[in-house]
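S.K.: The chain contents come next:
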Amino acid sequence: MKRNGLVRSFVALAAVAVIAGACGGGGATTAPTTAPESTAPESTAPETQPPATTWKIGYSNAGGVGNGFREEQVCTAKAEALASGQVSELTVIHQNADAAGQLQQIRDLIAKDVDAIVFNPNDPAALNQALEEAKAAGIITVSVDAYVTNPDTYNLYNNQVEYAYLGAKWLFEQMGGTGNVYYMRGFAGHPADSDRHIGFQRALGEYPNITVLPTIDGVHTGWDPATTTQLISDWLSSGQYDNTQGIWTSGMDSQVVDAIKSAGKEFVPIVGADLGAFVTQLLDPTGFPGLEGAAVTNTAAVGGAGVNLALKLLNGEAVQTDPSASQPNTVLLVPVVAENVTDAGKTLLASWQSVPGLDPNWPLGLQIGGWTTYTPEQAITCKGPND
Amino acid sequence: MSAAAAAVDDARARPADAAMAFVRRNGWTLGLLAFLAVLLVYTRAIQPTYGVTGIQGLAISVLPLALASVGQAIVVISGGIDLSIGSMMALTSVVAASQMKGQGEEFGVGIVIAVLALGLLLGAINGSLVVLTRVPDIVVTLAMSFVWAGCALLVLKTPGGGAAVWLKELVKGSLVNEWVPKAAIALVIIVAVIWLPVQRSRLGLSLYAIGSNQLAAFRSGVSVGRTKLASYMLTGLFAALAGLSLTANTGIGTPVPGPYTLTSVAAVVLGGVSLAGGRGGVAGPIVAVVILQLLRSDMTFLNVNTNLATVANGVILIGVVMFGSLIQMRRARA
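Taken in order, these protein sequences are the chains called A and B.
Sequential numbering of the first sequence, starting at 1, is according to the numbering used here.
Sequential numbering of the second sequence, starting at 388, is according to the numbering used here.
In short, the hints are calculated from the structure, not lab data.
Note that CB positions come from ideal geometry on N, CA and C, so glycine has one too.
Some but not every residue of chain A turned toward chain B, in silico, with C-beta under 10 Å: (1) A100; (2) R107; (3) I110; (4) N128; (5) G222.
Listed below are the simulated DSS-like cross-link pairs for lysine-lysine, each with C-alpha atoms no more than 25 Å apart in a straight line: (6) B:K569 with B:K488; (7) A:K135 with B:K559; (8) A:K135 with B:K569.
Full structure from sequences and hints, please.
M.R.: See the structure below:
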């Protein structure tokens, strides 16, 4: 008995060695490319010499790890931190978590004593408690890709309402203003998904003869390729695709195209995002005959732009915000739509493929005018100041 | 030596024996506590600013998983396992959040009581299915995890709802001393009020008995079915408390279950509870939860990929299970 107790104590203490060993490793993130620049309001920041490399920045991405958009977002954040020459340390937490888990991520960054925290929020309101704690600690907070309701946090994101509206309007026009649309949304509860739903509904209101399938709320892909493939495969095998005249996707687009092609069905008009694979499909009439579609820009460079915004705020520079946004302190990036039906649209799509070696699952937009300073190569390299 | 002198020596020896017996009984948990202490010192060394704020944040963040792990430990001690605990947390959390939104503070008290009752009910359904169908616990609770997750999505399609201010304040900040987080106090009180009386009661003895040897327990007069049902009800109750702590932490309810089910199993194993049942307590799993979270924080402080913490958790679990098996083998040979 005595021996067993001692052995148990030894076992528990042995875990120290295991953990200490685990602490010695390192991780890496893969990388993307460049192309369309989303437009953004001009910053009123004065021309100044960059301050010395003194700022410590934390970055929290708590969802979509492995998703091309999120990976590129993190890489642009690293690239901007490096290119700015002002960041001594960039701490990146790139790990899937629920809202409670992201709260802890932000608290860890507060405990790490960073000067600013840039994050992609899992929920608009759930992080407010930690954001208040950050403010109390004198830390600047910037939400990217979606907004939070904390009034002291700056928001920088693609205008998701407009993103959905532009794509849906093109789709409904392409359908002749009538027919059934399979509505494939993103991650349930994510602010970007909620905003896109508003934009989609706004377009729908202008086209009363369009019917949304399977219900007005659509289906959620979770921005997960596997889930998307499963959903579209079910739709195809159930025969409901035969009664569908258009598909709106929230960025999980190339998987839908591939599934339809594999099923040997004729394509219906499809709307997606500016992901490399989808744009390539749109510009490949031989590989995908009859495919008509439109891509809407949704730059993942919001990660880099968020770091840039945080640095502006740390340096005391003025930032022009958009008063039309739903939250204060918000910078909205305006999306652009390009289709493969007209020559002008094809030319625009082709211009987005300007950088070779693009990972097909990554958005083409690597830079945002006025908000990013790194080169495409720096983003592709995916190295931060302390990597 | 006279008999009197021997008695005096014996009396002197007793406290030392009692202390040694305590150490032997709680060797695993004490080892974990020692490890936690080392880890805290290490954390302070790599992040000198880690202090009150860090400890308070740590306490709040571990509360849901700690409560889930206590629930999981109870059912594992009784020889079962509950793979629906994460889904029960999601369901109880969204029920609480959806009902509290826009309601008065007093109304929130009623909601909390109702949610706790809901937890007991969910556990009772799980337990009844296990007892009545005789289908293995792992299959029943895995299936029920889908049922409860679906119910959560029926209650709230997307994260939302609200939480009473008093509920949020219950786990936020500190009490008496800034180094004593309210979340830690809440955890200690909950465990002391619910688990300790049960553990010391006939029911507690029965839980350990059916976990050790169901047949022997049955022959000793223990009602195996009722005890199993009680264990699942207790687990449901702790799942509801964990769900409420999630709502208190975030101020909303999230219908998609978080990574709590498997992490609670990991904490139970790391906490020294035998997956074969009949052995362990709830203190070990609680300390294990704190260690797992602190390890993750340290990865952040070291600028190491935090996903490696998950790898480390797996490595630790494998190591612990291997050592556990080794102990069992040595015990069998002895």
